[in-house]
Amino acid sequence: MLFDFIPYLSYKKRGENMQKLLSNRLEDNYSDLNDKFLDCPDIKRQRTHLKDGCPTLIIYVEGLTDINLLQRDIIPKLQELNSTEVFDENMQTVRLPVASVSISNEFNLAVTDILSGKTVIFINGFDVAISLSVIKVEKRSISEPTIEKNVKGPQEAFIESINTNISILRRKIKNDRLKFKTFTLGEITNQKAAIAYIEGITNPEILETMHQKVKDINYDEITGIASIEQLIADNQITPFPHYLATERPDKVVSNLLEGKLAIFVDGTPFVLIAPVSFFSFMQAPDDYLGNWAVHSLNRLLRFFGLIIALFLPALYIAIVSYHYYMIPLNLLIPLAESRARVPFPPIIEVLILETTLEMLREATIRLPTYIAASVGVVGGLIIGQAAVDAGIVSNIIIIVVAITAIASFLIPNYDMALTIRYIRFIVMFFASIFGIIGVIICGVFLIAHLVVLESMGEPYFKPMFPFNRSDFKDILLRPQLKNMRKRPSTAKPLDKIRGGKR
Amino acid sequence: MMNKSNEISANQVFIFVVSGQIGFGILSMASTLAEDVGHDGWIAIILAGMITSLIICLIVATLKRFNNLSIIEINNIIFGKYIGTFFSVAAIVYLTYTTVLSLRNFNDVIRMSALRLTPPLVLTSFIIIPIIYLSWYGLKYICRYAAAQVVLFILVILYYLLLIKYFRFTFLQPIGVSGIKKIVEVSFSPFTSFIGYELLTFIYPYIKDKKKLLRSTLYANTFTIVFYLITIVMLTGFFGEVMLEQLLYPIFSLARAYRAPIFERLDLFFISLWFPIMLSTVLVYYFCAYNSLKRLFNIENNKPKCKILIWSFTIIVILLSRLPENMVQLRSLFDQLGYISTGYVAYIFICYILSFIKRGNKSNEKAS
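So the protein lines, in turn, are chains A and B.
Mapping of the first sequence onto my numbering: residues 36 to 537, in sequence order.
Mapping of the second sequence onto my numbering: residues 127 to 494, in sequence order.
Derived from the structure by calculation, the hints contain no laboratory data.
Even for Gly, the Cβ is constructed at its ideal location relative to N, Cα and C.
Treat each hint with caution, since some may be false.
[Stated by the list, open to error] For the chain A half of the interface with chain B, some residues (derived, Cβ under 10 Å), not all of them:
{"no.": "1", "residue": "Ile354"}
{"no.": "2", "residue": "His358"}
{"no.": "3", "residue": "Tyr360"}
{"no.": "4", "residue": "Leu364"}
Please work from the sequences and hints to get the whole structure.
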């Protein structure tokens with residue numbers, strides 16, 4: 036395979052099995068392998084002979100091997116060779132028409148090779164196994180990003196195969212400084228994983244910490260990239276995401292260039308970026324693909340949306356329940372009129388609508404798109420209007436909840452949007468008990484929590500508190516690219532200035 | 127061993143001291159000053175600020191003589207184990223007393239301005255939650271949080287600008303009419319409103335670059351003076367001394383003065399700006415009391431014991447904060463607090479003198 040950068044799966048330490056060597060006799064190897072692959076019908080064990088009648092064993096996993104190639108080119112060539120001709124004098128190379136070959140004398144290495152899809156050949160009289168990379172795995176093709184859409188940027192997303200994902204990255208960064216640290220995860224599933232970094236930019240300390248952390252994960256299976264996040268997070272008692280999961284290669288590239296790390300795991304189309312700050316979750320890839328002034332405005336809009344999504348329903352509850360004198364007179368009369376027909380206190384009113392909306396949202400995620408559209412109509416339009424007519428909720432609350440929902444859709448990251456929603460309910464609860472004080476103390480607690488959080492030892496809320504002027508430029512506004520020569524300090528990059536020396 | 131989550135830089139000391147200084151004094155100080163010196167309060171503020179700067183130099187000089195030690199350990203060195211512990215306990219009682227009073231005051235201010243009917247115990251228990259949370263995690267995070275206040279100070283100043291058109295210079299004239307003697311006299315009393323700098327004696331070991339300490343503390347003090355000055359001048363120029371005398375919390379009255387175009391009343395938002403500022407004052411005192419207790423019992427690295435300590439300390443603080451019966455009593459207690467903190471400063475001065483005497487003795491190796 037052209038893009039097979041991943042060397043051997045490093046095998047787990049399993050006591051005495053570790054050093055088991057292959058035997059000279061084919062029959063011994065065969066029976067050992069048979070024991071190992073008992074009840075594994077997908078692992079084919081094919082016996083054949085060399086030209087001089089020397090018995091040979093070919094083992095491969097059906098469905099992971101390019102069977103055409105094997106039949107057409109490799110097996111005929113093998114059968115034309117004498118047993119003395121297969122290897123060269125130093126036992127280093129094999130006279131077979133395959134691009135990627137490796138030879139080893141360890142039993143376990145041969146087994147992991149077989150399981151990772153390579154075709155392994157054993158020849159009688161030699162205590163080595165020949166692993167041929169003739170892998171052909173069924174996978175879907177590279178498609179558009181589904182949850183991180185954008186307008187002008189590249190329209191490709193990662194897929195489930197780690198080799199393809201890494202090849203996408205290599206295609207985007209044509210530089211030998213792009214490096215990968217590889218290892219396996221999942222005690223049972225043995226998934227390939229890799230940490231990508233750029234030599235000379237990434238801080239080796241951070242790389243080493245992360246590598247150690249991820250390697251030490253002791254778990255059966257890594258279902259998705261979020262499993263890793265949960266297993267290695269520093270502070271477990273928080274609703275906030277510690278690391279940024281993305282399906283966009285361009286986002287990974289730009290983060291790598293800031294000295295951050297990207298963690299790839301086989302079987303998930305998401306890549307984890309670490310370390311990140313709170314504000315990484317508020318940046319969209321489109322921000323950097325256009326006029327700075329326009330996108331600065333977009334950024335401000337997004338932060339405004341964040342504040343609305345967090346506090347608007349809570350403020351409504353606080354003001355209507357406790358501080359009604361804050362409402363301007365012209366607005367107070369229609370509000371009082373519509374509230375007069377509603378039997379519930381404001382918090383119940385808001386909860387009814389918010390819960391309905393949350394149910395609607397949760398329902399539409401899993402429904403097929405054509406049903407989801409009609410659910411939206413039923414839920415949003417019909418129930419909303421009917422609830423007002425029936426006197427269950429007031430008019431204004433529908434506006435408040437709708438604005439909040441729209442504002443929360445502005446948050447570019449899915450995980451962060453969920454977190455914000457979660458916090459919104461807490462703030463609403465305290466607003467109903469303590470009014471504006473509840474909102475303020477919740478806000479204070481939120482900031483207190485954000486400054487306590489750390490992502491790999493770096494403050495989570497960094498360029499804001501603690502303040503960092505050169506990073507702060509790129510938070511609320513988006514300066515011109517020319518003015519962003521300095522890399523952000525979140526990942527403590529070694530090379531602090533963008534661009535080469537001229 | 128040093129706890130890393132407590133380490134702060136000298137720049138963070140700036141915001142720490144400002145948090146300690148700007149808090150409760152500012153709410154009522156303008157009216158107190160108006161009673162004493164009429165419209166010349168701002169001169170008294172400048173004088174008091176200068177005195178405070180001198181005291182800060184003294185405190186830093188004292189602390190420099192004892193390398194990397196807080197007042198708790200200094201007590202032990204100067205007075206020996208038993209008397210030293212007694213003084214340490216006294217210092218902690220002073221901190222706790224300030225914490226309790228400011229917490230109670232915070233509670234009363236909220237009850238006055240926003241929630242009249244909430245049971246005070248419930249309210250106090252609620253507002254103390256962020257304080258416990260941040261104190262548990264350490265000084266570094268407190269300073270990071272406190273830095274958020276800078277935004278609030280800017281917003282407060284912006285709010286003053288909204289009202290600048292009602293500002294009358296004639297209210298401030300003629301300058302110095304109440305007499306130099308009176309102003310100097312008063313300037314020695316409101317420097318109690320600047321207390322907060324004395325917390326340096328408790329956090330000194332946690333500061334990383336001690337060389338910049340004096341500078342950033344003096345900057346902090348200057349910032350406080352300027353902020354107080356702007357506030358006092360604004361309030362005097364807005365209300366006039368006669369009106370100012372009668373207001374309990376002139377800053378809140380100022381917040382109510384603004385009529386926004388459509389929204390009409392925005393006072394609750396402007397009053398709300400002050401709540402986090404007041405909260406952080408309680409926070410820094412609470413932290414210093416809690417942390418000094420930790421140092422006193424020598425359990426800085428023992429998490430389970432710290433947990434017991436922080437919860438029992440919190441319950442004590444909440445219960446004690448209910449002791450003052452009413453606002454009048456609270457006011458008089460606050461006045462006493464001024465004398466106590468002056469006493470504390472005097473005590474540090476004594477420590478400074480004693481440090482020279484002790485230098486020849488066994489503590490020689492500890493002194494810098």
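Verification of the supplied hints:
1. The restraint placing isoleucine 354(A) at the interface with chain B holds, with a minimum CB-CB distance near 8 Å, inside the 10 Å limit.
2. Given the 10 Å rule on beta carbons, the hint for histidine 358(A) holds: about 6 Å separates it from the nearest Cβ of chain B.
3. Proximity of tyrosine 360(A) to chain B holds as hinted, the smallest CB-CB distance being about 6 Å (cut-off 10 Å).
4. Annotation: interface hint on leucine 364(A) holds; nearest CB of chain B at approximately 7 Å, less than 10 Å.
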